[in-house]
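Using the sequences and the accompanying hints, generate a full structural model.
Listed in order, the protein sequences are those of chains A and B.
Residue numbering for the first sequence follows the numbering used here, starting at 1 and increasing by one per position.
Residue numbering for the second sequence follows the numbering used here, starting at 411 and increasing by one per position.
One thing to keep in mind: the hints can contain errors.
To be verified - The list that follows gives simulated cross-link-like pairs (lysine to any residue, SDA-like), each with its CA atoms no further than 25 angstroms apart:
#, chain 1, residue 1, chain 2, residue 2
1, B, 494, A, 374
2, B, 494, A, 400
3, B, 494, A, 22
4, B, 432, A, 400
5, B, 432, A, 404
6, B, 494, A, 313
Treat the hints as calculated values from the structure; they're not laboratory data.
Here are the chains, one letter per residue:
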Amino acid sequence: MNRSQRIARDVLVSLSAQRSRVLLMMLGLTVGVAVLSAVIVIGQGTRERIMGLVEKHGLDMVMVRAGGDVQIFAPQSDRGLASLVEADARAVEAEVPYVDLVSAVQNQRGISVVYEDRSVITRAFGVEPTWLAIRHRDVAEGEFLSESDMAAMARVAVLGVKVTRALFPEGGAVGRTVRVNNDPYTVKGVFIELGTDAAGVDDWDDRIVVPLTTSARRLFNRPYLEQIVFRVTDVRRVPETAERVRNLLAVRHGIGPGQPADFFVREPEDVEGAALETTSTLSALLLAISVVALVVGGLVIMNLMLASVSQRSREIGLRRSMGARASDISRQFLLEALFVALAGGAVGVAAGTVIAAALGAAGIASSRITWVPFAVALVACAAIGVVFGIHPARNAARVDPAASLRGRAA
Amino acid sequence: MIEVDGLTRLYRRGTLETQVLKGVSFRVRRGEFVVIMGRSGSGKSTLLNILGLLDRPDGGRYLLDGADLSGADDDARSAARNRKLGFVFQQFHLLERASALRNVTLPLLYAEQDSGDSTERAERALQAVGLTHRPRHLPSELSGGEQQRVAIARALINDPAVILADEPTGNLDAQNGREILEIFRHLVDGGRTLVLVTHDRAVAERGDRVLVLDDGRIVGEEAVPTPAAGTRSDAAGAV
Numbered sequence: 001m002n003r004s005q006r007i008a009r010d011v012l013v014s015l016s017a018q019r020s021r022v023l024l025m026m027l028g029l030t031v032g033v034a035v036l037s038a039v040i041v042i043g044q045g046t047r048e049r050i051m052g053l054v055e056k057h058g059l060d061m062v063m064v065r066a067g068g069d070v071q072i073f074a075p076q077s078d079r080g081l082a083s084l085v086e087a088d089a090r091a092v093e094a095e096v097p098y099v100d101l102v103s104a105v106q107n108q109r110g111i112s113v114v115y116e117d118r119s120v121i122t123r124a125f126g127v128e129p130t131w132l133a134i135r136h137r138d139v140a141e142g143e144f145l146s147e148s149d150m151a152a153m154a155r156v157a158v159l160g161v162k163v164t165r166a167l168f169p170e171g172g173a174v175g176r177t178v179r180v181n182n183d184p185y186t187v188k189g190v191f192i193e194l195g196t197d198a199a200g201v202d203d204w205d206d207r208i209v210v211p212l213t214t215s216a217r218r219l220f221n222r223p224y225l226e227q228i229v230f231r232v233t234d235v236r237r238v239p240e241t242a243e244r245v246r247n248l249l250a251v252r253h254g255i256g257p258g259q260p261a262d263f264f265v266r267e268p269e270d271v272e273g274a275a276l277e278t279t280s281t282l283s284a285l286l287l288a289i290s291v292v293a294l295v296v297g298g299l300v301i302m303n304l305m306l307a308s309v310s311q312r313s314r315e316i317g318l319r320r321s322m323g324a325r326a327s328d329i330s331r332q333f334l335l336e337a338l339f340v341a342l343a344g345g346a347v348g349v350a351a352g353t354v355i356a357a358a359l360g361a362a363g364i365a366s367s368r369i370t371w372v373p374f375a376v377a378l379v380a381c382a383a384i385g386v387v388f389g390i391h392p393a394r395n396a397a398r399v400d401p402a403a404s405l406r407g408r409a410a
Numbered sequence: 411m412i413e414v415d416g417l418t419r420l421y422r423r424g425t426l427e428t429q430v431l432k433g434v435s436f437r438v439r440r441g442e443f444v445v446i447m448g449r450s451g452s453g454k455s456t457l458l459n460i461l462g463l464l465d466r467p468d469g470g471r472y473l474l475d476g477a478d479l480s481g482a483d484d485d486a487r488s489a490a491r492n493r494k495l496g497f498v499f500q501q502f503h504l505l506e507r508a509s510a511l512r513n514v515t516l517p518l519l520y521a522e523q524d525s526g527d528s529t530e531r532a533e534r535a536l537q538a539v540g541l542t543h544r545p546r547h548l549p550s551e552l553s554g555g556e557q558q559r560v561a562i563a564r565a566l567i568n569d570p571a572v573i574l575a576d577e578p579t580g581n582l583d584a585q586n587g588r589e590i591l592e593i594f595r596h597l598v599d600g601g602r603t604l605v606l607v608t609h610d611r612a613v614a615e616r617g618d619r620v621l622v623l624d625d626g627r628i629v630g631e632e633a634v635p636t637p638a639a640g641t642r643s644d645a646a647g648a649v
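Here it is in C-alpha cells:
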C-alpha cells in the first residue's frame, strides 16, 4: 500500500471505532438521499406507467381525417372524399413543431385477399413506414414495410392476425404470395394480435397493410388520403399541436374563419397528460426538498467536522510529530468527510428505494427501481463530501503542531 | 548529531512580544543522553519543538544529522520527523480509541515506503519496551507506566536516530518513572541519541550531560557524575 492508501485505511479504521459519531454526522445526508432516491424511483415508475398508457391508447398520436363533420366513429363506408393529399402530410411534417413522425394513410374496404383455395374480404391500408411507430403497432413475424418498398411501389403486404389465420391456418405466412384484388403480393410480415377498438367497431386484426405508393398507384389508384397520422414528441403538447395543424390545414385548404372545414383533427383525450403534469409538479417539489436536505446534510457534516478538528487538535499535532505532512492531515479529514457522506448516501439510497418500492407495492405510487438513484446518490454524496469537507480539512492542516501538543491529556 | 547555534525564537501575541529563546547554542553527539533542565517558562518546550522540527527558529542555525532544515518545506521536515525523530510526551498522547498496537503502528502510516507487516513490527517494538501482554487493549485500560511504554514503542517503530522526550516521567509515579528512565538508558546504550527536557533535578541526573536553561539562555552545563554503581544496577535489574 502506498501512503494515500494507508491513510485511507487508517481513516476507515478510525471511523469504524466511532460509529455513533458517524451515524450522527450522516443523518441529514441520509434523509436527503432517501427522499431523492424515492423521488427518482417513483418518478421513473410514474413515467413508465404513463408511457405505457400512451403506448396503449396512442395518447401521443393525432389523426387528421378527410371530411369536415365531427366524426365520433370512423365512417362506416368510404365516402370518396378528395380533401386530403400527401402534400398536406409533408407540410405538417415540415412546419409543425413537436411533430416527429408523420404518415399519410389511405384505406379502403372490400379488398379481396386470396391464398390458394382460401380467401377473405378485408380492409386494406396504404401507409408509410413511420406508421408502425406512430400507431404503436408491432409485427410478430417477418418485417414491416421499408423505405425501399415505398420507393419501388413494391407489391408487399403485412397481414393482421385474423387475415393470417384465415389464409394460413397452418402458419408460415411470411414469404408466401397472396393475391390482393388479383395482383400477387408477397407477405412481408404479420402483426401482433391487437383486438378491437374501445367501441368494438374496428377490428384491427382484420387488416392488411401495403406501402402508400403501392396503394396510391396500384391497389386503389387514387391520390387522395383518408387520414394523416402523426406523433407528438411531448404528450403535454398534444392540444396545442393539434391546433397548429388545424390552422395550417385551414390555410392550405383556403378555409376562412367561420367556414366549415373539409378535414377533421381528432386528438386523444387529455386525461393522462394532466396526470403527468400533476406528477411532475409534485416531483419538482420533492426534488427541491431533497436538494435542501442534501445541502443541510452537507452543512451538518461540515459543522461536526469543524468541531472535530478543534477537539482533535492534539491528535493532529501528534500525527504531525510522527511525520504527517500538512497535506496528509487535510487528506485524512477530507477522506473522513467523504466516507461519512458516502455511508450516509448508501443508507439513504437503500432506505429511499425500499420506501418507494413499498409505496409501489401498496399501490400508492408507481415505482421502478433502476441504477439511476444509486448513481445519483453516489455522485451527489461524493460531491457533498468533498465540497463540505474541504473547509474542515484545510483548518485541520493549519493546526499548529507545537501549540496543539502543549495541552493536557490527549 | 545535533548542532544548535545562536537559536532565537520570538512569540507575538497581539502587541505583546516575548523573546522565548535568546541565543541558544549547544551540541549533542551521537549516542549521547542530554538533559535540558529548566523551570517552567524557561523556553525548554520551545527549544524541544524546534529540535523536533515542529517549530522554526527566528534566528540561528539548527543542524540535525548534518542537515539544516529550517528553510525546508513542510514535506521535507515531515519526512525528517518521520525517519529521524521519535517523540515521547508527558501526557503520552495516545489515540484513545485505538489499541496499543494500532497506536504503535501510527508512524508507519507516514513513512515513504510500505513497511510490510506493521503489526509484527509493532509487537517487536512493544517487546523492546517490556510490554508484551495486553497489546489489543485501549489506552484507558492500561496503567500510566504501560501507556508511556506504548508511546516509547511508537517513537521507536521507525528506528529513529534521535528520541526527544518532554517530561516523560512527569505523569508517572516514582517506580514507573524509574523504569521509563531505565528504558531510555538502554536505548542510549544501544546507540540512540536522546534529548530529554525536564524541570526535575532527580530525572536530570540520569542523563550524561545537563544543560540548564533559564530565561531563554543556557546558563550552565554540567556533566553528570557517574552515579554509584549500585544504583545503576538496581534500576537495571528492575527492567
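Going down the list of hints, with the structure as the test:
{"no.": "1", "hint": "B:494 x A:374", "in the structure": "violated (47 angstroms)"}
{"no.": "2", "hint": "B:494 x A:400", "in the structure": "holds (21 angstroms)"}
{"no.": "3", "hint": "B:494 x A:22", "in the structure": "violated (36 angstroms)"}
{"no.": "4", "hint": "B:432 x A:400", "in the structure": "holds (22 angstroms)"}
{"no.": "5", "hint": "B:432 x A:404", "in the structure": "holds (23 angstroms)"}
{"no.": "6", "hint": "B:494 x A:313", "in the structure": "holds (23 angstroms)"}
Consistency with the previously given hints fails for numbers 1, 3, ordered from lowest to highest.
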